[in-house]
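Following the hints, complete the assembly by docking chains R and Z onto the known chain D.
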Amino acid sequence: MTASYLLSEIASQLGGRVMGDTGVRITQIATLETAQPDQLSFLTNSKYRAQLATTRAGAVILAEADADATELPRIITDNPYAYFAKASAMLNPLPEAKPGVHPSAVIGAGAKIDATASVAATAVIGEGASIGAFSVIGEGCCIGANVAIGSRARLYPRVVIYRGCVIGDNLIAHSGAVIGADGFGIAMDEGRWIKIPQIGRVVIGNDVEVGANTTIDRGALDDTVIEDGVKLDNQIQVAHNVRIGAHTAIAGCVGIAGSTTIGRYCRIGGSAGILGHLHIADHVEIAAFSLIGKSIREAGSYAAIFPFSKTDDWRKNAVHLRHLDDLVKRIKILEQELDSIKLKH
Amino acid sequence: MTASYLLSEIASQLGGRVMGDTGVRITQIATLETAQPDQLSFLTNSKYRAQLATTRAGAVILAEADADATELPRIITDNPYAYFAKASAMLNPLPEAKPGVHPSAVIGAGAKIDATASVAATAVIGEGASIGAFSVIGEGCCIGANVAIGSRARLYPRVVIYRGCVIGDNLIAHSGAVIGADGFGIAMDEGRWIKIPQIGRVVIGNDVEVGANTTIDRGALDDTVIEDGVKLDNQIQVAHNVRIGAHTAIAGCVGIAGSTTIGRYCRIGGSAGILGHLHIADHVEIAAFSLIGKSIREAGSYAAIFPFSKTDDWRKNAVHLRHLDDLVKRIKILEQELDSIKLKH
Amino acid sequence: MTASYLLSEIASQLGGRVMGDTGVRITQIATLETAQPDQLSFLTNSKYRAQLATTRAGAVILAEADADATELPRIITDNPYAYFAKASAMLNPLPEAKPGVHPSAVIGAGAKIDATASVAATAVIGEGASIGAFSVIGEGCCIGANVAIGSRARLYPRVVIYRGCVIGDNLIAHSGAVIGADGFGIAMDEGRWIKIPQIGRVVIGNDVEVGANTTIDRGALDDTVIEDGVKLDNQIQVAHNVRIGAHTAIAGCVGIAGSTTIGRYCRIGGSAGILGHLHIADHVEIAAFSLIGKSIREAGSYAAIFPFSKTDDWRKNAVHLRHLDDLVKRIKILEQELDSIKLKH
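Residue numbers (the working numbering), protein chains in the order written: chain D, -11 to 333; chain R, -11 to 333; chain Z, -11 to 333.
Chain D on its own, in the form it takes in the complex (with noise of 0.2 Å):
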């Protein structure tokens, strides 16, 4: 599945300067330690410029400040670790799927479905939706009524895209998102939970990736909206008309609650959490872990984390927490005693 290229047609295709042998041809990409003669390498932090002396790489991806640190065949560029991720696409092509419908796939009335689209097997496309072109819809996915996929779509198998949704063009979706579920609405009466009907859609913009089981919520009464550009990695729930900014990128098992609105290039560790009703600024990080309960104005990172230790440590520690305030409380009366002790001398 694996294409081949000469190093030199790698670089007339991605840019860079070549240096050294440009006739080597290339089948993969490998971690220096692991590279093979055929296989084209990168060093992305020079702190690990000593491997150049005992890879076995046919050629390696290099900045310029590394770019005299070996004689292989190199390509150098400002950006080497973008410049492996782009050589590595160029390497391994995604599976080709047949344009076409399967015929276990079944297709609602009005859907539209491109000539160069692939519908998989057993898949199911509601009513008049609609899937661009060259999109692909993998075995049991389920897309809903009305729903628009932009072009070049690729959805793992079993995707579910609730009715009336929109995406953009170049989605990845992994298997078992779940897109435009209802929304956590609930009101109580009279000591019952009425459900507040989900009218709202879920709308994803361009270039966005879903992770494996990541579930997007549509919104109470307008919409969830994921800008371009958005990168979400598994397992990560966000509620009802949560707004992300435009290339934010988010690690795994992250849960946002309803309403909130991240900014533009925030960086959120994985297990994260942020409460509902919040803002938080562009180009915000938080940690692993953390977990948001305000807005966060400002750019900037962020973090929440209690520290582990051993077990028996962490016991003989963590019971003072639950008694912080009194620490403080006899920590000033220990100043104020002082202080009076101070004034007699």
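Wrong hints could be hidden among the right ones.
It does not matter which identical chain is meant; a pair holds if it fits inside one copy or across any two.
Derived BS3-like pairs (lysine-lysine); straight-line CA-CA distance at most 27 Å [claimed, not checked]:
#1 K86 / K183
#2 K304 / K317
#3 K298 / K320
#4 K330 / K320
#5 K298 / K183
#6 K35 / K282
Please keep in mind that the hints were generated in silico from the structure rather than gathered at the bench.
Positioned in the frame of chain D, the structure of chains R and Z alone reads:
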């Protein structure tokens, strides 16, 4: 898909006192900020009363205390939020599902599907299962052998219910929900884990909602029980032999460990956790992100959240948590020394 | 679906020393409190020995130390809990699956399905995949191209395994599990994220269990590896290039970040997290809800839990965590001042 009603028709169906023009035609519900002249809005908190002056809504739902705060056509009710929920349900009926079994669905021997029920494309109903009146089984759902589902259930695409589980009336289950998978029961035997068969069921009462990708495990020996009116958001994990009391509402990403009993009318915040074999009283509120490690015998609100801060500040402060016990000892010594100094004065 | 055995038959198959009437017929396993005269119970902790006096069980499994604590027919064994697990497995065989491929399943070209294996309704098997002897592929499962699954696997409905993954014998995978989706690999390039192709696989050993809606991502360059006997509960996220050592057990909702290596025989509590690129030694226990942010080189028990309290108390105490460093400085000043006062005395 939306309906349309005169204001008087809404009030005659849902109650409440109408003031002003009862003949305004309502086609949708909306917030005060976004409502149009053919839309009904609502005020659930007097502190936003100023918005009544600028809203373009055709009518509003108000509490008695706000009855005279506007000239707009209005419905006065004790509980505007619940009224809004009911009015929205009138205006936004769910898409109807055609009764009958889609030709691509697979029905096991002896399954009993009510003539008014709907089984969608590619759904699989196990042997001996029963589906009650007006229930809708979505695309790709897998209902295990001998599962009993009551009436008016709405299962969205790709819900799985394992064999033998019992479900009351009015279940709403969202895509990716898994009900009745094995609990996590293993026994160590000579260096290897042995599986403990999970022979209990999941038993779910009436009027329960289960969110997308939520999992409820079957019992090890006895059943896992979800009582009437329980509302579960997305990505919740309910372990084996848990019992959740009636009308308890649980937000997304919560984990509840095995054999814990949760009372009635509890509210549990997102990403909270409850350890196993605990008892949580009725009317307990648990804050988001809080781990409950002991039983709670008394109604009330409980929390355990590490407050977030800028990462630099967090680092400076959090390091001391590993030495809190030493710190307390130092304070004790200070107190003793100060006492002995005071004695000398 | 349950079997029935004489007590002597159970002992002759599973070992242990029988005392009392070996001819009692056993149809099920149950706790001491609920067991009936045709049921086998067990005592795994001597502290519950008093229940032996009142149980209605027909027979009990006991440790040597409790052998004389009852007159009931009994089996004496070193490990009553493991014995219970094995006896329950005898009494509760899984529903048998008919060998063969359901007519609604879709089988790719070149797929090799053992004649003793079972492929259920609406399952999809990719091109070149292989399914071993006596394996059961549940309804709606999607097995990618060239996946290899060993013998006696049991995949419950709607499991997805992406292309090229390799699975040993005796896998149990619960509904909604996703094995082999792309890891979360992205590189920033001129204001946009570029996807890093995930070209590794997931490689799973023998005797592994994967819980409902658990996700295990494929490797970026090398493989993600789950060794023999690993037991994963529901809703766990295993990121790319993680390695989990043999016989490690992980409770629900845990997140493990990329490239982390976990040792053998570890036990990880629910909702815990482990950051990326760490090494966790063998025989490490991690408490529920604890984030591990550094490698652990030494076996033992580790924790990081914020203790819960009433919300009012929590608020009073937690506020000081943002000033802990100041507090420590105040204590230091107190100590210095006290020292200087003591000098004067």
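Hint check results:
For a Cα distance limit of 27 Å, the shortest separation of K86 from K183 across copies, 23 Å, qualifies, whereas the shortest one inside one copy, 43 Å, does not. Taking CA atoms no more than 27 Å apart as the test, K304 paired with K317 passes in both settings, with 20 Å inside one copy and 11 Å between copies. Taking CA atoms no more than 27 Å apart as the test, K298 paired with K320 passes between copies only; the shortest distance there is 24 Å, against 31 Å inside one copy. Taking the shortest alpha-carbon separations for K330 and K320, both the intra-copy value of 15 Å and the inter-copy value of 17 Å come in at or below 27 Å.
When the C-alpha separation of K298 and K183 is checked against a cutoff of 27 Å, the pair qualifies neither within a copy, at 45 Å, nor between copies, at 30 Å. Taking the shortest Cα distances, K35 and K282 sit within 27 Å of each other only across copies (21 Å), while inside one copy they are farther apart (38 Å).
Consistency note: the structure conflicts with earlier hint 5 alone.
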